[in-house]
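Chemist: Here is how the chains run, residue by residue.
Number of protein chains: 4
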Amino acid sequence: MIHVPAEPTGELSDAWRHCVGTGRIELALRRDYQDSLRLLQDEIGFRYIRGHGLLSDGMAVHRPYEWQGARHVHHSFTYVDQVVDAYLDLGIRPFLELGFMPEELASGKQTVFWWKSNVTPPRSHEEWADLVRATVAHLVDRYGLDEVRTWPIEVWNEPNLADFWENADEQAYHRLYEVTAAAVKEVDAGLQVGGPSLSPGADDWLGRFAEFAERRDVPVDFVSKHAYTSGPADHVPFGTHQTLAPAQDLLDQFATPRDLLKGTRLGGLPVHITEFNSSYRPDNPVHDTAFHAAYLAPVLAHGGDHVDSFSYWTFSDMFEEAGPPTALFHGGFGLLTHRQVKKPTYHLYAFMARMGPQLLARGDDHLVTRHTDGRVTVLAWAPVDATGETPGPERHRLKLSVPLKDAGEAFVRRSSVDEEHGNARTAWQRMGSPRSPRPHQLDVLHEAAEPGRRHLRLPVADGRVELDLTLSRHEVTLAEVSAVVDEAPAWADERRLLGGEPR
Amino acid sequence: MIHVPAEPTGELSDAWRHCVGTGRIELALRRDYQDSLRLLQDEIGFRYIRGHGLLSDGMAVHRPYEWQGARHVHHSFTYVDQVVDAYLDLGIRPFLELGFMPEELASGKQTVFWWKSNVTPPRSHEEWADLVRATVAHLVDRYGLDEVRTWPIEVWNEPNLADFWENADEQAYHRLYEVTAAAVKEVDAGLQVGGPSLSPGADDWLGRFAEFAERRDVPVDFVSKHAYTSGPADHVPFGTHQTLAPAQDLLDQFATPRDLLKGTRLGGLPVHITEFNSSYRPDNPVHDTAFHAAYLAPVLAHGGDHVDSFSYWTFSDMFEEAGPPTALFHGGFGLLTHRQVKKPTYHLYAFMARMGPQLLARGDDHLVTRHTDGRVTVLAWAPVDATGETPGPERHRLKLSVPLKDAGEAFVRRSSVDEEHGNARTAWQRMGSPRSPRPHQLDVLHEAAEPGRRHLRLPVADGRVELDLTLSRHEVTLAEVSAVVDEAPAWADERRLLGGEPR
Amino acid sequence: MIHVPAEPTGELSDAWRHCVGTGRIELALRRDYQDSLRLLQDEIGFRYIRGHGLLSDGMAVHRPYEWQGARHVHHSFTYVDQVVDAYLDLGIRPFLELGFMPEELASGKQTVFWWKSNVTPPRSHEEWADLVRATVAHLVDRYGLDEVRTWPIEVWNEPNLADFWENADEQAYHRLYEVTAAAVKEVDAGLQVGGPSLSPGADDWLGRFAEFAERRDVPVDFVSKHAYTSGPADHVPFGTHQTLAPAQDLLDQFATPRDLLKGTRLGGLPVHITEFNSSYRPDNPVHDTAFHAAYLAPVLAHGGDHVDSFSYWTFSDMFEEAGPPTALFHGGFGLLTHRQVKKPTYHLYAFMARMGPQLLARGDDHLVTRHTDGRVTVLAWAPVDATGETPGPERHRLKLSVPLKDAGEAFVRRSSVDEEHGNARTAWQRMGSPRSPRPHQLDVLHEAAEPGRRHLRLPVADGRVELDLTLSRHEVTLAEVSAVVDEAPAWADERRLLGGEPR
Amino acid sequence: MIHVPAEPTGELSDAWRHCVGTGRIELALRRDYQDSLRLLQDEIGFRYIRGHGLLSDGMAVHRPYEWQGARHVHHSFTYVDQVVDAYLDLGIRPFLELGFMPEELASGKQTVFWWKSNVTPPRSHEEWADLVRATVAHLVDRYGLDEVRTWPIEVWNEPNLADFWENADEQAYHRLYEVTAAAVKEVDAGLQVGGPSLSPGADDWLGRFAEFAERRDVPVDFVSKHAYTSGPADHVPFGTHQTLAPAQDLLDQFATPRDLLKGTRLGGLPVHITEFNSSYRPDNPVHDTAFHAAYLAPVLAHGGDHVDSFSYWTFSDMFEEAGPPTALFHGGFGLLTHRQVKKPTYHLYAFMARMGPQLLARGDDHLVTRHTDGRVTVLAWAPVDATGETPGPERHRLKLSVPLKDAGEAFVRRSSVDEEHGNARTAWQRMGSPRSPRPHQLDVLHEAAEPGRRHLRLPVADGRVELDLTLSRHEVTLAEVSAVVDEAPAWADERRLLGGEPR
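Protein chains in written order, with full-length UniProt numbering: chain F, 1 to 503; chain R, 1 to 503; chain Z, 1 to 503; chain G, 1 to 503.
Misleading hints may appear alongside valid ones.
[Claimed, not checked] A partial selection of chain R residues facing chain Z, derived with a Cβ cut-off under 10 Å: (1) Leu27; (2) Asp32; (3) Phe77; (4) His138; (5) Arg142; (6) Ser199; (7) Phe238; (8) Met318; (9) Pro324; (10) Pro325; (11) Leu328.
[To be verified] With the Cβ distance kept under 8 Å, some of the chain Z side facing chain G (calculated, not the full set): (12) Thr243; (13) Ala245; (14) Pro285; (15) Arg435; (16) Arg496; (17) Gly500.
[Claimed, not checked] Restraint ranges, calculated between C-beta atoms of paired labels, are given here: (18) Trp114(G) with Ala189(F): 33 to 41 Å; (19) Glu43(R) with Arg457(F): 24 to 32 Å; (20) Glu7(R) with Asp42(Z): 27 to 35 Å; (21) Pro357(R) with Asp468(F): 42 to 50 Å; (22) Asp89(R) with Glu147(F): 35 to 43 Å; (23) Ala189(R) with Ala461(G): 31 to 39 Å; (24) Ser401(F) with Glu43(R): 24 to 32 Å; (25) His446(F) with Glu103(G): 43 to 51 Å.
No lab work stands behind these hints: they were computed from the structure.
Here a beta-carbon is modelled for each residue, glycine too, at the ideal position from N, C-alpha and C.
Using the sequences provided together with the hints, build the complete structure.
Modeler: Quick look at the structure:
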């Protein structure tokens, strides 16, 4: 029996909900995307959203033209405005990522992704600076300086990988960063610019980035990197399998910037994990499983100890880096599939969003918080075996003594996802893995995606409720404990339902 | 093992969904009422709706005034139009009941219900006829003759009870009927008029009604009566307890008009049970229970054998005959409470709405149908003890061999309500019976009101699936059996999820 | 030419939008009512809403019952909660009016209105105090003390009229006030209670109310009265005609409480005009006219000089004091008819809602404000002849020199209501005054109810725009003046539209 | 005075609303697109929608992969299903156009449009046939054979232009047609396949297509071509100007297939103009003008004489062939701009949708119809000068004697678009041509886009109303004439509004 303290030990960090990832920004024009984001914001409520491609050709910002014999560039914000309007309307702000390169400004031909975005340095740094300046100035003009100052601006994505930045040329990135940061600050010195948006395994760039910033006196307002735990990709058609490191590995990756940058010019800056997930592949079925929710639960519970934000990559399967999905469940990053079927990891986030601000207890398999109205909320999760060597324990028992003020009895609302509940993929496989389910199949999937729910009434003794939680394999459960105020009248008597004698 | 035939034995009657009851028509102006009706029509889809009070003062139709020294009557349809517009917009048609009496047309002072509707004969039959004629003519003018010809028009409500018709004066009712029917037919001979809308235990009126119709050559297009199974009322504050007769008693009550009227002028006419329920009290908690759904299941399955319609009294707890409810669960007639919490009996209807048109089998505890696309749907229910002497069996097992064409495997979607599932009242009691639940409590209730759901995949052998259903106490369950078309690719292999070796 | 100053002379008071009136509170359960209120809140945005009948029988709060041989009273908030939930959901707060008397608590039989509310003193002041205490305590419990402290609580309505308070018994009112205020303050001393909610012509009560409050040391947090300008009622069936005093008379009525109470214990308290309109009759067609908007325009522009709020009686024609309306336009108080047709006075309010916070100028026929983004907004109205002896001037010209910063040209958006525009009643009369319009007629009315709109571009010289406004009979117009930022490209040239030669 | 006959001379063809064009099918995933289409379907109600790119890479249908050493092709319908689901949900059906070529199936590198779709013949006709067969079979499987048999299937787009079909190779097109038609008919012989989807000026292909079909016995169920009236393109940045032929030229283009194919195997087949407009450029401002509506009005009124459908190219400015628009008004084809601002031509269509089924009269400047309920509807338009040499007449007068049955007076609802009304572009230019308008500017534009509206009451003499319509420059007007049923009571008297003496 774990004794949960009656008084808070601190506040629950909300680094877990600070930001969420998205497929390329252009997808924000789509209805399915917006429907998913609306659902997400209603039930979870992220603050920022970050994705690639703001300056890629799909957004059609950089528009050279000829007039009276001379070349000019018009910067066009038709789609940028539609996207940002939609975000703000949905209660989420952009975490801007400046990239990739417009074809007509690129120095080379290399592209990345199914949607073929150019990842070479600008042919003209001056024209790039114009593009950056015009974009940021337009946003300030349309949305107001106070608003845009709250939007972090990240320079490029994973320049340490040759796939994302030609030759992974560090010097070229530093130059790009310097030009870009200057252009941003020209618009307003109070805007926040940062980088270097490193992929995992490139922490050695951090020290050199700090040194460069110091040497060149370049503004850096935050530091960003990414974290993933997957091993080498083993491909099948339209899919990938990978080994995973234990979830603790994510926390370890989160922790390095603060450690490594201590004492440098960048020490003490906000650290944003601008992407994280288990696998970095958008076609790894592990993303769709109950295992995944249980695997990430401790990361959400503890991640805020190390960073200012860690952004789940990504909120929706509306994502096309490896091409549009060929089946409803296909191992996409999304918390939601196309057509808004919730995955177990969606519920992990939705459960977190129902936790209170006061932190009462935290452990390897649980997190306990209290709301200001006195309700106590317990998130618990089953341990997993990330090696896959064992299926993980079939049952996991957790006994908690939970404090509850001013109550004679407690009402417990328990919501769970596991292999069988809140698990549309299981139902989908049973119905034959239909690639593009019919409407009545989607009804079943939407039903099957809802958590299992139980309600019970427990005694309160000495201001405490004993919660005896048995978790099934890969279960993540939320137990919300509130005081019962009994309004049943004196004459209520179930024995009389069919005309029986009163007690 | 019950062997369900592979070919249909007939069509499933839809008498069960032909009509549903409502609290006084004026309530249709309310938003909660319309929200409930919208939900109902989406998930169940009744064809007609019938309630009291079309001509009562709340609808403000009969409006005497003075002008240039003379008395006139203006007939005003401001609210009638708003109500009927709303019904048609929601895809449901009015089953008109003409009553009760406007105060200024009444011959006496007697009223019924908390909302005090006058139930005395008209002071002037001529002015009553004007009122009826004007009302029906207005409806024809606004909605079209073809449309209004499809709306049955019933004369008064339960004239055999002194509470609803002064002195239960049979002669006076016959006179009212004759005058009313004539007024209706003056508007158009093709309109359907009927009665006598008897309460249970008054079948002796039927023969005399037939004789009167014959003697006076009065038009009758359908015959109507009501059916309830409850015994004497045992009151507590804001509540009532009663014994119930077995459900078969309802079917017996349904059956009498066709029997008794055989050979009379009214023989062979459509018979509408314009109200039925277990208890006739709007404050009997039995209406809110899982018992109630299991109790009524055989009535819905078999009722169509006896009548053209039987109309559940009523769709919503927005109902005020005994005064507005003092608690969310209060024993109201509604399939839905205020604020759209679904009761178990709601799900019985929603399950019926998912049955197919082809009747494959029917028994004491089951009903099996097939859809035109081949899906087979099984409705099953646990036996109940209506005496309350025993709680009813804790487990009830039903084994069915169900035919399924062109399938190697079957997907079964099972939805259940019982004491624990699809049963918001149970959760409501556990949380302390809050009379007017807070928003977050309503969230819990809406969740708890959803059926329990399971999905499984079963083998098909020789074109048959073996369904082994174990029902818990008071369970009503729907099992929808469809053929699996397996689209899982050759390379799908769960063992590889965490990078394991392929099979 | 009126020269509007370039710098603000003060802030525009928002007393005009502080509160709005409603038909009896029970009507808030209706859908048409909520649809109208939603529209109103979107386009106007009132802060509070006040209506009769919170404790009348339709709300079903006071519920005596017998249990174990004794009489008890249950206080039931089923409908109160539905109403207040709806208000808060629509972004408006209740301005509570405590009244009228539940039948079973009344000392007499006298009722008021078609809906027959009892207006006699309580049989038991103790039971009345219980009712008040229970109601207020319930609201505090459900909505929170911080919230309910912002809701003014007014004791009864127009006790100086024998129709609303038996015998207009002043002593009895003082007693009721004292008991009620004490009950409110027992719940929380920070709640605001006030009265005496006088009808016009009863200012003599004010001094005696102040004296009583002082003598008995009774808490009074605000003072309330009503204001109307109509003369004696001349009735036709379902209608009334009356003369009107000039609009200035309303402002004079507003002004008396501050004057009369100066130096008393109630001096300096907030003054709320909890009802005002031209005619006090809900069936006077003047409410539906363009005249009415022009008549009230100066009242809205100047009223805030005299009082803390003045509440238009009422927002919707969903109102039943004289019975439900018998025609769409019937002279109801509403800013909106049933089915959300906007009247000219609706637009007067909607125009006011588009004024800026900085007051630049104000006159007999105009009000000029500026928004923080620099837009200048002009409300102008034609003078009216309230005697009806002349139709009012056919044309009224107003020339304004309006300051506009940082602009070379100005864009003017002009919106108008007059006899022909924004005037659905005119169209309704032309189509034959259909009492209950068909859907396609409603389409026409909704169209006809929209203001006339014009747009123009004017030069700015020396930071000023010359607005030359010609108003038609009974016109109220809104001119919104903003700076043009010209983004038309160099090559834009209308002459080339059909392939013509460029300039 | 034109005397409109009292009896119909025929039925109004609905060829004008049979089909509408769209930007590439992939855009149907976007929210702005769906919002626009919803509005369109509510107010106009097209039956079919046709656009390019069903098989282009953006729809991601053709997906080659390797498995166990061999190349396979998976056909994926993730986006196809989302698009078609959305269309059907919006009440519109696809008019399928098979094209363009997936990169991995293409024989060459040539692409068309900003979105770079490959327009070369298939590398393998067998693999192309597989793609067609799989696509059509999937649609039949998902949506049902009865449904898909109603969807025309057109082979490719404008193969006579080298931009759309490599080298405009006629033989290659015939081969593609033959292979495609065979693949379609393999799925079901009842499906409708057709072509050759010619651009203007290529009627010589028609005879050879007929000859080829006969010679090779190839199935052809309908014949399709396009019609435009614009001359050579004169470019400015992000825009084009062109001369236009008179509108009659469109009707002449419509007429040729029936003429030219008479007597051939294709004679008598349905003829679909699968694209038409004035200019074929998506950046010609003429599309946005009132001129354009008046120019096309006679085409809509008369087009049905010549063809079975003529499909306006396109319903929305969400269109990217020349790149995403750089300003709200940019000369796009759309009836609606981005963000649903209605253009004058939108209203021409919306007016047509309010015409009745009975054709009473038709002339150079008018079309008169009657509804089954007796309402008479007049569409009238001002003559235009398509040469641009004159601005067109400033005033155009049209006097009609219109029959109206059973009426003493008529109500006329007149709706107009011209240079000043229903013309958001005019307002947009006045406000400075903001490329990406702010929310409050969009409010103005949405207002300015609504037609001018007037209502009047006219006498009916001898069953006739005299309509004296004066049209302003480029006006298109709709006058809806209905009988007045006067319900105004005897006592209605405007003179009494302010208490005056009755008449």
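Chemist: Quick check: which numbered hints come out false for this structure?
Modeler: 6, 13, 20, 24 and 25
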